[in-house]
Amino acid sequence: MKKNKRYKLLIVFMSIILLCGCWDIKDINKRTIPLVLGISKEDGKEYKLTLQIPIPNKDSKISRIVTGKGETIASVLGQMRTNSEDAVDYSQIRLIVIQNNLAHNQQEFKGLIKFLMDSEEIPSRALVAITDENVENVLSNINDKLGVHASSIYDYFNKGAGWAPEIFSTPIWEVYRSPFLYTRDIAVPVVRSGKDTVLIFEGSDILKKGKIVERISPDEYQLINVFQNENKKGKGKIESLGFASIMITNSSIQNITSMKGNQPLVSSDLNLKIHILERKEGITDHMIQKELEKITEKRFYHILKQTQRSHTDIFGFGQQFHHLISYHELKDWRNEYYPKLRVDFEVHANME
Amino acid sequence: MKNIVKEIESKFSNHDDFFIEEELVDKTAIYLIGFNTLVDLPKSKLYVQQMAASSTSLKVLLTNLSDQINVDTAQIIKSVLEGKLVIVSKDDEENAVIDPIAQNLSSSIEEPKNESPIQSSTDAFGEDININVGMIRKSLNTERLCHCSYQVGELEKRKLSMLYVKGRAPNDLIEKVNQQLNQIKSDIETIDDLNKQFGQRRLSPVSHLFATELPVQAIHSLKKNRIVLFLDNCPFALVFPHLVWDMLSSVNDRNFPFVLSFMLRLFRVIGVVATLILPALYVALVSVNPEVFKTDLALFVLKSREGIPLSAFLETIAMVVLVDLILEAIVRLPKSVGPAITMVGGVILGQAVVEAKLVSNLLVIVITAIVIASSAVIGMQNSLYIRLLKYPILILASLFGILGVFTGFIFTIIYLASLTSNDIPYLTFRIEQKGDTK
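If you're matching them up, the sequences are chains A and B in order.
So for the first sequence, the numbering used here puts the first residue at 78; every next one is plus one.
So for the second sequence, the numbering used here puts the first residue at 458; every next one is plus one.
Just to be clear, a hint being listed does not mean it is correct.
[What the hints assert, rightly or not] Simulated pairs of lysine-lysine, DSS-like, Cα-Cα distance not exceeding 25 Å:
(1) B:535 to B:547
(2) B:516 to A:82
(3) A:337 to A:382
(4) A:107 to B:633
(5) B:623 to B:633
(6) B:616 to B:633
(7) B:814 to A:222
(8) B:760 to B:792
(9) A:107 to B:751
(10) B:463 to B:570
(11) B:751 to A:103
(12) B:616 to A:107
(13) B:760 to A:103
[Stated by the list, open to error] Take a look, some chain B residues computed to stay more than 12 Å from chain A by CB distance:
(14) 468
(15) 521
(16) 577
(17) 730
(18) 751
(19) 856
If you're looking for bench data, these hints aren't it; they were derived computationally from the structure.
Built from N, CA and C at the ideal position, the CB exists for glycine as well.
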């Protein structure tokens with residue numbers, strides 16, 4: 078009995094060593110860790126992939142740009158792996174920059190996102206951005222800037238709440254999810270390489286069922302952010318009203334939804350806490366408040382009209398009608414209900 | 458000279474420290490028999506003579522000296538071996554076993570060597586079993602403190618004492634321990650020999666007994682329904698059963714306010730967990746699952762490991778073994794060279810290893826942290842076994858990464874949970890069950 082037990086233990090230990098697959102483990106310093114993946118399509122035929130790989134040295138401020146071309150993305154990734162000196166570990170990719178010609182091709186863009194989502198190596202929490210420029214330029218732009226860290230592109234999107242409320246981040250899984258949503262559309266940030274800074278934020282492309290329908294400016298997007306994510310409240314936003322500039326220190330929104338026959342109604346109250354930074358002479362607090370309320374409301378109705386025309390519910394108003402409209406009817410939210418939506422949007426600006 | 462004396466003399470013929478002294482008391486010759494390594498002969502002689510001066514006859518003298526009078530030869534031999542002084546009259550008719558003035562062979566009460574209590578009395582248990590029991594009796598003067606003594610061993614008869622508080626320690630536990638102690642056939646040389654009597658745990662790093670030098674701790678254990686054993690010539694109180702809580706809490710903690718003692722215990726828990734999983738986590742993160750890192754951290758680790766020829770596992774195991782070697786060596790060093798060697802070992806070796814790029818800076822930090830953390834627990838043997846348990850987790854981590862770390866950790870806990878001493882699980886925090894006061 079005892080001998081038997083010993084044999085069993087031996088078999089368990091042997092299988093641990095044989096089954097674990099530990100012979101192909103590579104230490105972190107034997108791996109190449111790309112941080113940014115740029116994807117473009119040249120002449121509508123071949124995929125061109127660009128990787129930004131930081132070179133580890135004392136201050137790690139340099140990175141190199143590696144490109145590869147091929148018929149499919151998977152083949153290019155494999156080819157890059159073959160040609161690389163170390164094992165390439167795609168699991169640290171944090172940002173995927175897609176060139177606009179590829180992004181605007183609905184079929185291919187969908188396929189691309191599906192591939193990125195299905196790929197086991199590329200993390201599905203990597204952020205997606207679109208650029209109008211050549212991807213290679215955007216990535217190589219990092220090395221031209223003095224004293225910029227190799228991970229700066231990723232840092233660009235992760236400044237933290239309050240520092241740049243216009244910028245937002247959209248991970249792959251959200252892009253992947255968006256075609257399956259009936260009541261909400263999402264936006265993907267658009268960037269280009271800057272002259273003095275690494276990137277310049279240009280606005281965002283709105284994705285409707287995996288198709289890019291229009292572009293909105295950073296100012297407008299901030300309002301959308303307030304509606305979509307109540308945790309990102311757009312703190313720290315600085316607004317210039319011509320005769321004064323103010324900083325929004327806090328914002329909160331309250332929505333009340335109702336159905337009037339077939340017409341959806343939302344009455345929405347946005348409360349802004351503001352802090353006046355500077356003003357011209359003779360301008361009262363009241364005037365500033367009124368002006369800010371007017372500007373914000375105008376901006377909102379502008380986007381609302383624009384999106385209602387294109388049947389794109391970027392605000393995610395449909396999300397709030399889930400309990401009022403049946404599931405089958407919600408499928409038609411964008412076409413049937415959203416254009417008819419009436420929003421009573423009121424802004425209340427308060428001094429701090 | 459008559460039979461008995463001759464017989465004893467022949468029995469001890471190859472003991473040079475054996476003596477038979479003839480003495481005249483009240484005009485009768487008597488023999489004083491004993492070992493002069495155990496008996497202080499001149500002082501004992503003086504004592505006998507003084508007693509003789511106030512006694513009228515030999516018989517009265519012997520009655521005055523002892524209550525073990527006229528015993529048989531076997532008893533005499535046994536008493537001689539125990540360090541007693543035996544008086545035999547010349548005509549062989551009367552004898553007595555008396556407690557002599559003994560040679561001073563045991564150290565007095567000193568400060569603890571292996572534990573450093575804070576805000577507490579600094580008495581430590583010594584080698585003499587009676588003094589040890591006395592120290593407990595002095596501080597815990599209740600009639601419910603029970604004391605059972607045993608003589609165990611094959612070659613030598615060693616004294617063993619069991620202490621418990623009646624009404625606190627569970628009755629069936631006392632009964633079982635009593636049985637186990639009575640069954641001892643072999644010699645008890647070390648704590649581990651005694652440990653074996655409580656059940657088969659040959660391959661286990663966790664002992665059935667928790668050794669403490671501090672009377673305060675032993676008394677606390679007695680009050681907390683446990684049994685305390687004393688072994689002759691062993692300067693420890695052996696608390697039975699050994700529970701996991703012993704590793705984390707000392708009674709001296711409670712000399713501080715509750716919040717502080719809670720903090721101390723929390724830090725010990727952190728120390729245990731850190732010792733167990735930190736080196737394994739390092740290997741897992743660096744070689745198997747680097748995707749867990751955040752980007753900045755991954756780049757930092759990458760940078761600190763740049764150009765290091767050893768794989769993470771080899772590097773870690775080399776450092777961990779080296780450090781355990783150093784720890785073991787420092788214990789054996791004489792006090793005069795200890796600090797110098799420690800400096801060379803710690804500072805120069807650490808510095809050189811990093812500068813030679815043999816191991817990464819990060820690993821040196823991890824190793825330093827676990828060495829210090831492993832000493833946060835109470836009791837040297839606990840610290841040792843925690844240090845041992847990190848190795849299996851380390852190996853699992855090198856094979857399976859993060860998954861291995863956590864499976865290893867869980868299996869360690871499962872293993873510890875499976876340990877019992879006399880049906881009391883090791884992972885209980887206190888023995889709730891109480892005995893009868895009857």
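| query | Checked against the structure, which of the hints given earlier come out wrong? | reply | 2, 4, 7, 8, 10, 12, 18 and 19
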